[in-house]
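So the chains spell out like this:
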Amino acid sequence: MSSYNGRLIRLDLTNRRSRVEGIPERRMKEYLGGRGVGVSYLYDELKPGVEPLSADNKVILMMGPLGATQAMSVSRMALVTKSPMTGAIAKSVMGGNFGAYLKFAGYDGIIVEGEADKPVYVHIDKDGIKILDAAGLWGLDTQQTHEKLRQMHGKATQVACIGPAGERLVRYALLISNLRCGGRTGVGTVLGAKKLKAFAVNSAGPLSLYDAEGFRKVNKEVIEGLKTSPGRIRMSDFGTSYLTLGFEKVGIFPVKNFQEGHLEGVEKISEEALVSIKTKNDGCYGCMTKCGQVRKVSGGSYDGATSEGPDYETIWSLGGNLANTDKDSLIAADSLCDRLGLDTVSAGNSIGFAYELYQRGIITKKDTDGLELNWGDHAAMMKLLEKIGNREGFGQLLGEGTKRAAAKIGKGAEDYAIQVKGLELPAYEPRAVKGYGLVLATSNIGASHMYGRPRDELSGKKDRLTEVDKGKDIAQAEISQATQDSVIQCSFGPVTGFSPQQRSDLLVAATGFKEFADPAYIEKVGERTLCLERCFNVREGFDRKDDTLPKRMRTEPLKDAGPATGQVFKNLDGLLDEFYDALGYTRQGIPSEAKLKELGLGGVVKDVKKYSK
Amino acid sequence: MKLPPVLQEFSGGVETLEVEGTTVNECLEELEARFPGMRQSLLDRQGKLLRAFGIYLNSGGLRPVELASPVADGDEIVILNFLMGG
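These protein sequence lines map, in sequence, to chains U and B.
Residue numbers for the first sequence follow the working numbering, so the first one is 1 and each next one is one higher.
Residue numbers for the second sequence follow the working numbering, so the first one is 614 and each next one is one higher.
Only pairs whose alpha carbons sit at most 30 Å apart, straight line, appear in this in silico DSSO-like list of lysine-lysine:
{"#": "1", "chain 1": "U", "residue 1": "290", "chain 2": "B", "residue 2": "661"}
{"#": "2", "chain 1": "B", "residue 1": "661", "chain 2": "U", "residue 2": "278"}
{"#": "3", "chain 1": "B", "residue 1": "615", "chain 2": "U", "residue 2": "462"}
{"#": "4", "chain 1": "U", "residue 1": "227", "chain 2": "B", "residue 2": "661"}
{"#": "5", "chain 1": "U", "residue 1": "462", "chain 2": "B", "residue 2": "661"}
{"#": "6", "chain 1": "U", "residue 1": "461", "chain 2": "B", "residue 2": "661"}
{"#": "7", "chain 1": "B", "residue 1": "661", "chain 2": "U", "residue 2": "256"}
{"#": "8", "chain 1": "U", "residue 1": "268", "chain 2": "B", "residue 2": "661"}
Facing chain B, a subset of chain U residues (Cβ under 7 Å, in silico):
{"#": "9", "residue": "230"}
{"#": "10", "residue": "231"}
{"#": "11", "residue": "233"}
{"#": "12", "residue": "234"}
{"#": "13", "residue": "240"}
{"#": "14", "residue": "242"}
{"#": "15", "residue": "243"}
{"#": "16", "residue": "245"}
{"#": "17", "residue": "246"}
{"#": "18", "residue": "312"}
{"#": "19", "residue": "453"}
{"#": "20", "residue": "458"}
{"#": "21", "residue": "459"}
{"#": "22", "residue": "460"}
{"#": "23", "residue": "461"}
Negatives, chain U to chain B, calculated, CB over 10 Å:
{"#": "24", "residue": "210"}
{"#": "25", "residue": "212"}
{"#": "26", "residue": "339"}
{"#": "27", "residue": "367"}
{"#": "28", "residue": "408"}
Hints in this document: simulated from the structure, not taken from any laboratory.
Glycine included, C-beta positions come from ideal geometry on N, C-alpha and C.
Sequences and hints are given; from them, build the entire structure.
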């Protein structure tokens with residue numbers, strides 16, 4: 001009896017075949033689940049140099065050992081592939097219900113291989129796994145796809161699908177399940193290239209546990225604590241929207257494509273403004289917080305628009321980043337991105353990049369299909385989102401992401417592409433919170449806010465602006481994130497509520513693996529996963545030169561950003577040295593042989609030596 | 614009153630201190646007089662309490678109190694900081 005099903009589905013789309021195979025116990029013990037297991041499979045199975053949008057790439061969906069249990073906020077699903085944005089490892093973790101029901105069906109994950117000759121979807125139920133024709137789904141938006149699959153397979157069908165953006169190979173397309181998204185770095189794009197429109201699963205719980213009584217006892221303690229947790233209540237009431245005013249005040253909330261740090265009228269998109277149109281909460285399987293904020297617009301140009309969101313990231317990417325303080329347009333734009341299957345962070349960045357090029361005269365109406373692109377113009381933003389999602393006109397270029405678009409535009413446009421390794425920055429100004437800058441520079445997947453959080457700096461407990469003595473903290477933050485993504489647990493601490501020891505106790509009771517009893521063992525899984533991701537990138541030619549920040553952060557003093565005004569990121573090199581030292585990497589950012597062996601990764605030493613220069 | 618680490622920067626590292634006032638706001642004003650800048654760091658540009666912070670009385674209640682909430686002798690005022698990233 002174990003919460004692990006111990007098996008996964010391997011889909012061969014080229015030959016329209018599927019098979020079920022066991023997951024070796026050793027892999028589960030060394031990598032736990034989710035991101036760790038997914039990355040380990042991808043490292044083992046993908047040859048270096050594979051073109052991300054070719055049939056040779058793979059997409060891995062993987063659950064964690066606590067998924068589908070009654071523990072809080074642990075039923076998230078990791079998505080792993082080689083990114084078409086960066087050419088590096090890609091990982092993302094999505095919420096919702098789909099993953100839990102995949103586990104109820106008897107599988108811990110899915111590995112997608114090959115490429116179908118025409119659109120297909122996958123249906124999983126008690127009768128087996130079927131790869132079916134998706135001609136009737138191709139072209140539908142994500143909500144229409146959910147509705148149609150539920151008409152075909154029943155109302156209780158759990159769906160995860162791509163939208164038109166993924167079908168048309170917009171590089172930052174997502175996988176969408178209900179109103180939850182996953183796949184930043186282009187997982188939806190890889191699925192689109194494989195012509196895989198959707199996964200649909202019909203199943204019923206419950207899951208077996210090794211020690212159900214022991215699990216129930218620990219879980220009860222955790223839930224009792226959560227009931228009176230102020231942090232959890234705050235998340236339930238506002239989601240992450242309450243962060244906007246706090247971060248804007250201290251210069252962390254970037255404005256106008258990271259040109260400055262003050263947004264005039266920011267209160268119009270504050271949590272108070274957004275809660276006024278909230279209709280209900282929504283959330284993931286097995287979560288008592290339900291941090292999703294469903295909001296509906298009444299009246300005006302966007303009458304009737306509804307979305308679960310926007311969260312802090314999207315309030316920024318389609319709001320502050322564009323100097324847009326029209327809250328109704330944020331609901332409409334968030335909904336449009338969900339339906340198209342677009343990543344709001346990279347979409348908002350790409351539009352902000354275009355607005356700045358227009359501001360500087362690098363592009364004109366001749367380049368933008370006649371659109372004037374002025375800061376705060378949400379009507380133009382909506383038109384660009386449509387164009388990006390449908391790959392029409394100027395949207396074709398912006399759908400490539402800022403790095404590729406800048407290379408095509410030339411004329412110095414590269415200076416305004418705010419990205420690292422090809423992935424656009426999230427809602428954190430590196431010059432105002434230097435530790436986050438180090439995360440964004442060193443992240444193996446590009447500039448993601450989900451690769452480690454410097455919580456002490458964000459909260460103000462530690463100095464945000466110094467550029468020394470941060471490497472060790474950031475190394476630990478990245479390890480902790482990798483651990484959380486492998487358990488898998490929600491990244492919002494107040495939502496999960498368990499201590500490292502309670503987490504270990506739950507893992508042992510769920511799986512029966514005694515090794516999990518030691519919290520240090522669990523944290524080591526995160527370090528191993530982080531290191532293997534770096535080894536994956538080393539095989540693809542990445543090293544220290546790629547761990548950088550956009551030129552703007554390293555050369556331009558930050559304007560109008562409260563206590564961070566005038567800040568420049570001056571000592572990235574020093575922080576990189578600290579970071580590499582803390583993780584046992586060489587000063588070139590390559591894991592040392594000793595560290596690889598310490599982590600049980602002796603088998604990849606040969607690869608690292610071969611591909612590192 | 615119990616202060617989160619970000620406010621202890623103003624109080625010279627002191628976490629717990631005694632203040633006087635009949636409302637939460639009066640207590641914060643006294644703090645401001647003693648440690649200039651502390652109260653301001655809790656407020657938004659409109660002068661409202663940022664929801665990144667929550668003020669709780671006697672560890673009771675799931676939701677924070679308002680600035681105008683009355684306080685009595687011996688009450689414990691706890692300020693929590695939720696500004697940790699999303």
